[in-house]
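Engineer: Single-letter residue listing:
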Amino acid sequence: QKEVEQDPGPLSVPEGAIVSLNCTYSNSAFQYFMWYRQYSRKGPELLMYTYSSGNKEDGRFTAQVDKSSKYISLFIRDSQPSDSATYLCAMTGQNFVFGPGTRLSVLP
Amino acid sequence: DVKVTQSSRYLVKRTGEKVFLECVQDMDHENMFWYRQDPGLGLRLIYFSYDVKMKEKGDIPEGYSVSREKKERFSLILESASTNQTSMYLCASRVQGGSYEQYFGPGTRLTVT
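Chains A and B are the protein sequences, given in the same order.
In terms of the numbering used here, the first sequence opens at residue 1 and continues consecutively.
In terms of the numbering used here, the second sequence opens at residue 1 and continues consecutively.
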């Protein structure tokens with residue numbers, strides 16, 4: 001079993017849709033949970049992070065962590081074409097581990 | 001703004017060549033990382049460095065070596081490039097003790113023919 005699993009997509013949605021991106025993980029030692037966004041031909045950039053379980057909201061983005069289920073989510077409200085990118089979940093305890101990424105396309 | 005730069009965006013090398021990938025960061029970060037990114041496999045850690053002249057193997061160090069002579073510079077070396085090393089290479093840096101944020105460079109797309 002991989003340490004972090006993420007549906008690779010691609011996921012295509014119409015502009016304005018609510019997007020849900022998810023990751024599952026196996027290592028209960030993870031404490032910080034992050035979402036990185038990677039535009040084509042660019043390096044990943046940190047979008048949001050959460051420490052331990054709970055929700056965190058930043059504008060149109062909400063990150064959710066459920067440590068009991070080892071499941072994290074990123075919700076994007078009112079999605080825009082500029083949100084089209086690959087979204088990588090990442091988590092860290094002793095080591096930094098990335099999911100493989102989900103490619104999202106938001107169609108105008 | 002933190003800036004991480006990589007020496008080349010695109011590189012084409014022949015099998016057996018020695019390849020140097022350079023990474024420079026301007027934020028005085030202690031920690032630096034080299035990853036490769038392949039479709040379906042995500043980012044995989046090759047090597048990292050906690051500080052100058054220190055290095056640790058990551059998950060896939062075979063066929064690679066690194067050098068960190070100065071704090072701002074972390075080099076990845078492919079001693080004898082092979083076609084299975086064709087990939088996107090990403091460098092990142094992080095402040096010592098920073099738990100969650102790594103700052104990435106734009107990546108180097110390496111093709112080995």
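Honestly, the hints are just simulated from the structure, not real lab data.
Among the clues, some could well be false.
[What the hints assert, rightly or not] Only pairs whose alpha carbons sit at most 30 Å apart, straight line, appear in this in silico DSBU-like list of lysine-lysine:
no., chain 1, residue 1, chain 2, residue 2
1, B, Lys71, A, Lys42
2, A, Lys67, B, Lys57
3, B, Lys3, A, Lys42
4, A, Lys70, B, Lys18
5, A, Lys67, B, Lys3
6, B, Lys70, A, Lys67
7, B, Lys3, B, Lys71
8, A, Lys42, B, Lys55
9, B, Lys3, B, Lys13
10, A, Lys56, A, Lys67
11, B, Lys13, B, Lys71
12, A, Lys70, B, Lys13
13, B, Lys70, B, Lys18
14, B, Lys57, A, Lys2
15, B, Lys70, A, Lys42
16, A, Lys56, B, Lys3
17, B, Lys55, A, Lys2
18, A, Lys42, B, Lys13
19, B, Lys3, B, Lys70
Engineer: With reference to the structure, classify each hint as holding or not holding.
Structural biologist: Verification of the hints:
no., hint, in the structure
1, B:Lys71 / A:Lys42, "holds (24 Å)"
2, A:Lys67 / B:Lys57, "holds (29 Å)"
3, B:Lys3 / A:Lys42, "holds (13 Å)"
4, A:Lys70 / B:Lys18, "violated (42 Å)"
5, A:Lys67 / B:Lys3, "violated (33 Å)"
6, B:Lys70 / A:Lys67, "violated (39 Å)"
7, B:Lys3 / B:Lys71, "holds (14 Å)"
8, A:Lys42 / B:Lys55, "holds (26 Å)"
9, B:Lys3 / B:Lys13, "holds (27 Å)"
10, A:Lys56 / A:Lys67, "holds (14 Å)"
11, B:Lys13 / B:Lys71, "holds (28 Å)"
12, A:Lys70 / B:Lys13, "violated (42 Å)"
13, B:Lys70 / B:Lys18, "holds (21 Å)"
14, B:Lys57 / A:Lys2, "holds (19 Å)"
15, B:Lys70 / A:Lys42, "holds (25 Å)"
16, A:Lys56 / B:Lys3, "holds (27 Å)"
17, B:Lys55 / A:Lys2, "holds (25 Å)"
18, A:Lys42 / B:Lys13, "holds (21 Å)"
19, B:Lys3 / B:Lys70, "holds (16 Å)"
Of the hints listed earlier, those the structure fails to meet are numbers 4, 5, 6 and 12, in rising order.
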